[in-house]
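Q: What follows is the residue order along each chain.
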Amino acid sequence: MDGGVMENRIMALVTLNMDIVAGGAPIFFARNQEEQVKMARYLARTLDAMVHDLENGVYIIVKHE
Amino acid sequence: MEHYLGTIIAGTMAGTIARMVMLHLDYRQYPGYPHGYLSHLFLGFIASALGAVAIPAILKPDYTAVTFLALAASQFREIRGIERKTLEHLDENELVKRGSDYIEGIARTFEARNYLSMGCALLTSIAYELGRFPAAVLIALLSIIFVRTFMAGETVGDICEVVPARIWFDNSILMVENIGFINVGLKEIREKILAEGLAVLIIPRNSDARATIHDLGQRQAIAHTVTVLLGTKKDVDIPEFTPLARIDPDSGVVGLYTVPVERDQDALILAVKRTPVLESARSRPLKTEAGRMAAR
Chain A
1 MDGGVMENRI
11 MALVTLNMDI
21 VAGGAPIFFA
31 RNQEEQVKMA
41 RYLARTLDAM
51 VHDLENGVYI
61 IVKHE
Chain B
1001 MEHYLGTIIA
1011 GTMAGTIARM
1021 VMLHLDYRQY
1031 PGYPHGYLSH
1041 LFLGFIASAL
1051 GAVAIPAILK
1061 PDYTAVTFLA
1071 LAASQFREIR
1081 GIERKTLEHL
1091 DENELVKRGS
1101 DYIEGIARTF
1111 EARNYLSMGC
1121 ALLTSIAYEL
1131 GRFPAAVLIA
1141 LLSIIFVRTF
1151 MAGETVGDIC
1161 EVVPARIWFD
1171 NSILMVENIG
1181 FINVGLKEIR
1191 EKILAEGLAV
1201 LIIPRNSDAR
1211 ATIHDLGQRQ
1221 AIAHTVTVLL
1231 GTKKDVDIPE
1241 FTPLARIDPD
1251 SGVVGLYTVP
1261 VERDQDALIL
1271 AVKRTPVLES
1281 ARSRPLKTEA
1291 GRMAAR
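Protein chains in written order, with the working numbering: chain A, 1 to 65; chain B, 1001 to 1296.
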């Protein structure tokens, strides 16, 4: 993802609200925000990926290559 | 025979010295591997020897001998291929890649430098034939000065202003002045970026510079140079700290963001300025009428 063109892949979603998410990537449900941040951090570090905040209670873990 | 020996020695020496001078310019784009230096110096020596024997071959007269210059050209084209392959392999393990444009530029430069030392040797041997030692020294010096200035090439600092810029967050979007970069989801990372990140704006001086600096390969080359000179806190599992260069679509200004190991704003500006302008990125829209009209 350096300076130039990236290939992005959504590795997982971490959500506070199961009603607004669906689709192909693994979905993780968190009970509160603290847990959500922790899960997102762990997932990102495990997957060598980055956490993006959609600001609607959903974090997506994206791998940029 | 002895007569020609002087010509050949003078030419070969001048060419080899020219190659040495050009090697000195390399360090900013090529790591100082001693073996790399040696092999390039030796190839420069061969190129010079080939250039130096051309004139004695014509005087002898053995005109067909000049055809080996063509042989040399194909030999040096191969060097470009070898250089490219080596750098591509090395690039695979770089945290912040050079990018294929930069690699192509380096490879092409290495090829061209052999031709330059060959030309330098040829000119010096002609001078030796015509005016003996003093003329040879004069021409050798002139051609070495020429290759030095000619091959130094432009840098980003020649075509753009580089000024410090402010990093801030629009909610979770990382901003450099008014250019949006990436969405950073984790608060601790945002705080670290605010505390330790650095940014600059690269302002092109004219339309030519804008076209050059917008090239993705050129932006990648800047990011790479900045990383080499200032270090980066990026690692495979912390992609957030990857240095990025993004354009402001409205003004054409390029913003650069990095989280360096050595946090020094002036050093960052200097590092950006000294990045070479890549041959493949350089474009001259102002040379065309359409480009000039658009720039108005």
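Read the hints as simulated data drawn from the structure, not as lab findings. As the structure is a prediction and not an experimental result, all values here were calculated from the model. Please note that the accuracy of each hint is not assured.
Lysine to aspartate or glutamate pairs mimicking EDC-like chemistry, simulated, CA-CA at most 20 Å apart [said to hold, decoys possible]:
id, chain 1, residue 1, chain 2, residue 2
1, B, LYS1233, A, ASP48
2, A, LYS63, B, ASP1237
3, B, LYS1234, B, ASP1091
4, A, LYS63, B, GLU1154
5, B, LYS1187, A, GLU35
6, B, LYS1287, B, ASP1091
7, B, LYS1234, A, GLU35
8, A, LYS38, B, GLU1191
Q: Indicate, hint by hint, whether the structure satisfies it.
A: Now the hints, each set against the structure:
Simply put, LYS1233 (chain B) and ASP48 (chain A) have alpha-carbon atoms about 15 Å apart, close enough for the 20 Å limit, and the pair holds. Restraint check for LYS63 (chain A) and ASP1237 (chain B): satisfied, since their Cα atoms lie roughly 10 Å apart, inside the 20 Å limit. In summary, the hint linking LYS1234 (chain B) to ASP1091 (chain B) is supported, as the alpha carbons are separated by about 16 Å, within the 20 Å threshold. For the given pair, LYS63 (chain A) sits about 36 Å from GLU1154 (chain B) by alpha-carbon distance, which is inconsistent with the 20 Å threshold.
With a CA separation close to 14 Å, the supplied pair LYS1187 (chain B) and GLU35 (chain A) stays within the 20 Å bound. A C-alpha spacing of about 35 Å is found between LYS1287 (chain B) and ASP1091 (chain B), which places the hinted pair above 20 Å, so the restraint is violated. This hinted pair does not check out: LYS1234 (chain B) and GLU35 (chain A) have alpha carbons roughly 25 Å apart, beyond 20 Å. Straight-line distance between C-alpha atoms of LYS38 (chain A) and GLU1191 (chain B) comes to about 16 Å, which keeps the hinted pair within the 20 Å bound.
Against the hints set out earlier in the document, violations occur for numbers 4, 6 and 7.
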